[in-house]
Each structure stands twice: as structure tokens, then as C-alpha cells.
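Chains as they are written, first to last, in our numbering: chain P, 1 to 131; chain B, 1 to 131; chain L, 1 to 131; chain S, 1 to 131; chain X, 1 to 131; chain F, 1 to 131.
Treat the hints with care, as some may be off.
Looking from chain X toward chain S, a few residues come up when the C-beta cut is under 8 angstroms (computed) [to be verified]:
#1 T49
#2 M69
#3 C80
#4 C83
#5 A106
#6 V107
Derived PhoX-like pairs: lysine-lysine, alpha-carbon spacing no greater than 25 angstroms straight-line [claimed, not checked]:
#7 K47(L) - K54(S)
#8 K54(F) - K54(B)
#9 K54(S) - K93(S)
#10 K47(F) - K54(B)
#11 K54(S) - K54(L)
#12 K47(X) - K47(P)
#13 K54(X) - K47(P)
#14 K47(B) - K47(F)
Because the hints were derived from the structure by calculation, they are not lab data.
Cβ atoms here follow ideal geometry from the backbone N, Cα and C, with glycine treated the same way.
6 protein chains.
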Amino acid sequence: MTPRGPINYGNASPAVRAVFDDIKRTRQIDDVNNFWKYLAHDPPTLKRTWESIKEVMAPGALDAVTKEMIYLAVSVTNGCSYCIASHGAAARKAGMSEAMFGELMAVVGMANETNRLANGYRVPIDPAFEK
Amino acid sequence: MTPRGPINYGNASPAVRAVFDDIKRTRQIDDVNNFWKYLAHDPPTLKRTWESIKEVMAPGALDAVTKEMIYLAVSVTNGCSYCIASHGAAARKAGMSEAMFGELMAVVGMANETNRLANGYRVPIDPAFEK
Amino acid sequence: MTPRGPINYGNASPAVRAVFDDIKRTRQIDDVNNFWKYLAHDPPTLKRTWESIKEVMAPGALDAVTKEMIYLAVSVTNGCSYCIASHGAAARKAGMSEAMFGELMAVVGMANETNRLANGYRVPIDPAFEK
Amino acid sequence: MTPRGPINYGNASPAVRAVFDDIKRTRQIDDVNNFWKYLAHDPPTLKRTWESIKEVMAPGALDAVTKEMIYLAVSVTNGCSYCIASHGAAARKAGMSEAMFGELMAVVGMANETNRLANGYRVPIDPAFEK
Amino acid sequence: MTPRGPINYGNASPAVRAVFDDIKRTRQIDDVNNFWKYLAHDPPTLKRTWESIKEVMAPGALDAVTKEMIYLAVSVTNGCSYCIASHGAAARKAGMSEAMFGELMAVVGMANETNRLANGYRVPIDPAFEK
Amino acid sequence: MTPRGPINYGNASPAVRAVFDDIKRTRQIDDVNNFWKYLAHDPPTLKRTWESIKEVMAPGALDAVTKEMIYLAVSVTNGCSYCIASHGAAARKAGMSEAMFGELMAVVGMANETNRLANGYRVPIDPAFEK
Numbered sequence: 001m002t003p004r005g006p007i008n009y010g011n012a013s014p015a016v017r018a019v020f021d022d023i024k025r026t027r028q029i030d031d032v033n034n035f036w037k038y039l040a041h042d043p044p045t046l047k048r049t050w051e052s053i054k055e056v057m058a059p060g061a062l063d064a065v066t067k068e069m070i071y072l073a074v075s076v077t078n079g080c081s082y083c084i085a086s087h088g089a090a091a092r093k094a095g096m097s098e099a100m101f102g103e104l105m106a107v108v109g110m111a112n113e114t115n116r117l118a119n120g121y122r123v124p125i126d127p128a129f130e131k
Numbered sequence: 001m002t003p004r005g006p007i008n009y010g011n012a013s014p015a016v017r018a019v020f021d022d023i024k025r026t027r028q029i030d031d032v033n034n035f036w037k038y039l040a041h042d043p044p045t046l047k048r049t050w051e052s053i054k055e056v057m058a059p060g061a062l063d064a065v066t067k068e069m070i071y072l073a074v075s076v077t078n079g080c081s082y083c084i085a086s087h088g089a090a091a092r093k094a095g096m097s098e099a100m101f102g103e104l105m106a107v108v109g110m111a112n113e114t115n116r117l118a119n120g121y122r123v124p125i126d127p128a129f130e131k
Numbered sequence: 001m002t003p004r005g006p007i008n009y010g011n012a013s014p015a016v017r018a019v020f021d022d023i024k025r026t027r028q029i030d031d032v033n034n035f036w037k038y039l040a041h042d043p044p045t046l047k048r049t050w051e052s053i054k055e056v057m058a059p060g061a062l063d064a065v066t067k068e069m070i071y072l073a074v075s076v077t078n079g080c081s082y083c084i085a086s087h088g089a090a091a092r093k094a095g096m097s098e099a100m101f102g103e104l105m106a107v108v109g110m111a112n113e114t115n116r117l118a119n120g121y122r123v124p125i126d127p128a129f130e131k
Numbered sequence: 001m002t003p004r005g006p007i008n009y010g011n012a013s014p015a016v017r018a019v020f021d022d023i024k025r026t027r028q029i030d031d032v033n034n035f036w037k038y039l040a041h042d043p044p045t046l047k048r049t050w051e052s053i054k055e056v057m058a059p060g061a062l063d064a065v066t067k068e069m070i071y072l073a074v075s076v077t078n079g080c081s082y083c084i085a086s087h088g089a090a091a092r093k094a095g096m097s098e099a100m101f102g103e104l105m106a107v108v109g110m111a112n113e114t115n116r117l118a119n120g121y122r123v124p125i126d127p128a129f130e131k
Numbered sequence: 001m002t003p004r005g006p007i008n009y010g011n012a013s014p015a016v017r018a019v020f021d022d023i024k025r026t027r028q029i030d031d032v033n034n035f036w037k038y039l040a041h042d043p044p045t046l047k048r049t050w051e052s053i054k055e056v057m058a059p060g061a062l063d064a065v066t067k068e069m070i071y072l073a074v075s076v077t078n079g080c081s082y083c084i085a086s087h088g089a090a091a092r093k094a095g096m097s098e099a100m101f102g103e104l105m106a107v108v109g110m111a112n113e114t115n116r117l118a119n120g121y122r123v124p125i126d127p128a129f130e131k
Numbered sequence: 001m002t003p004r005g006p007i008n009y010g011n012a013s014p015a016v017r018a019v020f021d022d023i024k025r026t027r028q029i030d031d032v033n034n035f036w037k038y039l040a041h042d043p044p045t046l047k048r049t050w051e052s053i054k055e056v057m058a059p060g061a062l063d064a065v066t067k068e069m070i071y072l073a074v075s076v077t078n079g080c081s082y083c084i085a086s087h088g089a090a091a092r093k094a095g096m097s098e099a100m101f102g103e104l105m106a107v108v109g110m111a112n113e114t115n116r117l118a119n120g121y122r123v124p125i126d127p128a129f130e131k
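Isolated chain P, as found in the complex (with noise of 0.2 angstroms):
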């Protein structure tokens, strides 16, 4: 149903090859992952994406690796299998160890449980916290 298959370097037009080749270069890899291969179907959309991580995912008040903890959060989060390996591998990559790793998966484990139990027990919301 869904555009088929990867649009490798070779098939790619300037204007995807162009994205693909700052994904590279910013990276400093050799291929780009399957993602940005399915999202060439629709290059505005593949430049747009590409240009708003580059930017999100920069270093900045939050080093590289706690943002790829945080991405990895939401990607277990919403049980997206594949942002959950990919983001898994850059967490690594950036420096995530297996401790880090498991005290973050005991985190957001912690955390969905207890945002449920907030919902079901209608917990309003401290004045406390809106000063």
C-alpha cells in the first residue's frame, strides 16, 4: 500500500540526494537509515523532517546523549518499533551505557504507570505547583 520500498543514493533526485548527503555529512556516516529512504517518497517532507532534527537534536542546553534518552522515552512510550531501534542505537552511539539504559527504561516505565494511576484516581493538581 505505502510507496514501495527504500529510495536508495542511486534512484534519488538532486533534491533528495541533496538531503542525503547533508544527513551524511552531519553524521558522518556512509548510507542514510531506511527512514529518510521512505520518507524521499515525499521530498518536502523529507527536508523539512531532516532540517527540524538537525536542528532539535543539536547539542545545546542538553547534550546529545540526554536527547536521545528522552527520544528513546517517547518511542517506547508509543511503542514505535522501529524509532525504538533506531533511537535505541544512536542513545549508544552518543554514549547511553547499558546502567543508563536500564534506570531510564525504569523511568519511563514508572512513569506510565503512575500517570494511569493519577488518571483513575482524578488526582487535581496542586496549587502548589502552578505557582
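Starting from the structure of chain P, add chains B, L, S, X and F where the hints point.
Chains B, L, S, X and F alone, transformed into the frame defined by chain P:
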């Protein structure tokens, strides 16, 4: 429908008071949040949840502010109003600056967007991620 | 933005009144909940939804309180405030005690936590589950 | 764990065959999808679900392709692999072009991103939206 | 916890004012919604989000009302109150009638139901969908 | 990306073996499921999660099959494939018949549908539910 109102220290059982006392001691606060006052309607869940949170949120391979930011990222993704307010406050107390909050939200937003792009384009997992 | 306010019996069309009458008769109540008064803005959806609910929630292999607790578990997981309030009330009316509510919430919390642990650790399905 | 395999026409009960026949007649197809062959394990759910889908998906104020694209947008947001594949195929059959799919995905991605930005920044509803 | 209140034009920086001006010009409105006044606490996110929304929501292969209805379908599925109110208003402004809204909600409801039926019955993807 | 493969009894640490032994003893089984073999990569999470599950899933005000059905309802709503398979198997082992499963799925489907109808129609909570 749900337990009617919070259980305050004054009308709490000894078992509940013991948990409230440990929360106040551990967090160096004068009173516990509404979340605990509502969970107090089920003492075993109050005790188990507090002991788990206490263990999981203690600084380890990840520091306190990173853990609170991950908690907030999950709560924002799930749309839990109470949790967004309480863990937003906790993250700031632990040292999250406005700049860190801004970058956290930018990452959470992008992750929620790309999780759906990966779903919709049915992107297969790259063999490299399995290594 | 959405349909402005509830449609009450007094200003309802004959088709809507017929559904309201059946809800009141079936549930032995004097008036219908807001949910039905808002769905009344789309009579076909009102009729179809009520007929489905009436069929699905009737006691069968599962009794009424078990069905209401399952409904509540889903509503808590989705964070639907209206549904948590209405099905929490319905579950209590059907016989859910405070102790049952406490255990229900504990299971819902654990399920939401372990669902994410299974996602994050990318646990493969045991062959035994396929038998 | 779940009903073991699909129920095909050959081994279906008269009640199930009647629904399969109506699906094939309505959609002008030779066989029904796996979704219906698995729901057939619960004939009342099979019948109720088909009758609801038949009513809801019929062209009305919205045409068939718009309805299938909305169905796909929800399925992508929920991460339902089967539904993304089946309603992606149905949307294309109803006339969704690659360009329409690309724009649909771009909107779904942005909506999932901004839903979280609105949650995290705790944005209050503008009075103008209530008019 | 979160940025305290909206940033209005009067107390906005030149960078924020430039985005507000473009939103007002593009949408032909006198003032921007709260969503933008809160995002203004993080100027880079305000600018990037507006530029993405402006590009994604512009009529193309899909018209404006279809795009707003898809946005609303996702927001309803995620339970984002602010987004339901704002995109419901935007969809009506773009031409969504009450009848169209009613059918949209019926499709969103059915999709959320059948997504879970497909999950629970563990329905395998039909080979025909992969063609 | 994630911990590579399961940790089996043979290569488990004494702390992990102690948990595996308790799971096998409590559930009267010869080996633990993959879920536990993967959590074993983080012994504190393995221990805490097992002790919580053991306490929460023990029969009390709710019997074992009701608790497993609630667990399954949440897992189906979240779309967790592993959890749907494992808790589906556990629910059947605890006594869930095909008829009970069929009704469970029907309720889960309706709840997910009406949760969105309540969101989209922005239905206010009835005062009666607050009593």
C-alpha cells in the same frame, strides 16, 4: 465516583502515616502531594508505588534532573495533566532551566511526529540496528 | 467549535427521543447522561452507538461489573476524563467496591508499566504463547 | 493464545457466511480480509462491526477517499500495523494518490507533534474557540 | 511549572514579533492563538513550528478543510483538549459542516475501535495489502 | 541496540537466579518467560517488577482471571504485541473461555470508540458522577 477527596495526615491510618512520613523525610518537604493523598485510599498501592518511585528516582547512572525530564517527556506524550504539572515542578526543582525545558519539549514533539512517520511509511528496521 | 451544548428531551427530534426513551427504560433512569445528549447532534451515531453499547454491555459470559471494570481500565489507560467519571460511577453502581477499584487500578498501572518494559527491551514472543 | 487462525468460508457457520456474503457483495470482492476471518470467532461482534463499518464508511457528507484517509490517520497515530496496511490499501483503492498520501502523513506528523507541545506548555483554550 | 502565561505582542522580542506578524498576515487575523503565545517562550521552536505548519497546512493535493479534519481526527484520538478546540474551530472556519463533523467523529470512533480488535485478535496482514 | 538476547538460568547471576526461582515456584512452571529473561539485564528492575507483579496479581477482591483480563484489555489498548500474547495466554490459563475473550474484546473496542466520541464532542462531566 472515585475515592472522595484526599486523605490528609490527620485522618490517615498508621500505615499511611508511615509512608507519608518517609516521603516527607526523603524529599525534605512539609506535606505530600495530592497524588499520595489519593493513593492513600489503597495503602498497599501507596506503599508499593512510593517504594518503587524512591528506588527508581534515586540518582544513579542518571542524575535526578535527567530522570525528572524523562518522566516529564513520558507524561507530556501521554497527556497526563496532573503528571505534567507535578513532574514539571519536580524537574525545575531538580535544576531544569527554561532553556532545558524548551529543548526537552522540542525533542518530545519531534519524537511524537517521527514515530508516526515511521509507522505510516512502514519503515523496516535497518539490519545495522540489530548488531 | 463543537455542537453547542446538550440536546435535552424537550428540544429533541422524535428519532432522538426514541433512543433516549430506550436508554432510560433499559437502565431504569430518569434522564440520560451528557454523553448521549451530545451524541444527539448526530442521530445516526447516537442510535448506532447506543444499540452497540446495549448489546455489548449486556451480561453474558462476563457479568456487568466485570464489563464496567474493563471499560474503566481502558478509559484510564486512554486518559479520557469523562469516561473515567461515567464508567467509574457505572462500575460502582454495578457492584465494584473500593477494594475492587483499588486492585483494578493496581493492575492497570502495572500493565501500563510492563507494556513499556516489553517494548523497550524488545522482548520476542515466547513460542509457548503461540500454541 | 488468540483464536487459532482465520475462519474461512468453507468452515464458517451460516451466520458468519451471511456476513461474509454481504461484505463481498457490498465491496464487490471475491473474498474477505483476514480482519473479518478472525472476528468470525465471535459472530455477534463480526455482525455488529460490519454493520457499523458499512453504515459509517458509506459516502455521505464526506466522500469515500476522505473517510479512508481519516481512518488511516487514526491508525497511523495508534500504530496499528494491520490497520495501516489495510486502510492504506483501501484509501489508494478509493483514489488516494501518492501526493495525497504524502500530505496526509505530513499533517498526521505535525498534529502528533503539536498535540504534545500544547500539552507540555499547558496552553489554555482561547475564549474565541468556545464561541 | 511551565512558562508563566502567554507572551503577548507588547512584550515580545523582535524575533517573536516577526513570527506573530507572519501568522497574522498569512491567516488574516488580528491576533495569534494562545498556542503561539506560549511557544514564544522558546523562539526557535516557535519559528520552526510555524514554518512547518505553514508549509504542511497549505492547500496542495489535499484541500484546507480535509487537512484540518485530519488534524482534528488525530487530536481527538490523542485526547488533546486544546487541539480539539483549536482545530475544531479551524476546520469549521475552513468549511466543515455539522454533518461533516458528525461523519468525521463516526469514522474516528470506528477506527479507534477496530484498531483494538485487530490488535487483540492478532490479525496477520493479508498478502494482498503488500502488493 | 538493546541488551543482546535473553539471560538464561545457566548464565544468570545469583541475584537473578533467586528471582527466576521465585517466579518458577510461585507460578509452578519449569522456566520463566522471555520478559523476565530480558529484564534480567537490569537485576534491580527484574526484582522490583516481579515483586510488584506478584503482589498485584495475587487473588484478592478480584480473582485471577479478572485481573488477567484487565491486564489484557490494557495491553490491547496500548497495542503491545508481546503483552497481548503473554497475558492472553495467562488469561486462558486462568480460565478465560473463548466466549469471555470475545466479550472482553467487544468491550475494549467499544471503550476505545466511545472514549474518542467523548473527547471529540467535548462532553462535560455530569454533576451526578461527582456525588
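Do the hints match the structure? See the list:
{"no.": "1", "hint": "T49", "result": "7 angstroms, holds"}
{"no.": "2", "hint": "M69", "result": "7 angstroms, holds"}
{"no.": "3", "hint": "C80", "result": "4 angstroms, holds"}
{"no.": "4", "hint": "C83", "result": "5 angstroms, holds"}
{"no.": "5", "hint": "A106", "result": "5 angstroms, holds"}
{"no.": "6", "hint": "V107", "result": "5 angstroms, holds"}
{"no.": "7", "hint": "K47(L) - K54(S)", "result": "15 angstroms, holds"}
{"no.": "8", "hint": "K54(F) - K54(B)", "result": "19 angstroms, holds"}
{"no.": "9", "hint": "K54(S) - K93(S)", "result": "16 angstroms, holds"}
{"no.": "10", "hint": "K47(F) - K54(B)", "result": "15 angstroms, holds"}
{"no.": "11", "hint": "K54(S) - K54(L)", "result": "19 angstroms, holds"}
{"no.": "12", "hint": "K47(X) - K47(P)", "result": "16 angstroms, holds"}
{"no.": "13", "hint": "K54(X) - K47(P)", "result": "15 angstroms, holds"}
{"no.": "14", "hint": "K47(B) - K47(F)", "result": "16 angstroms, holds"}
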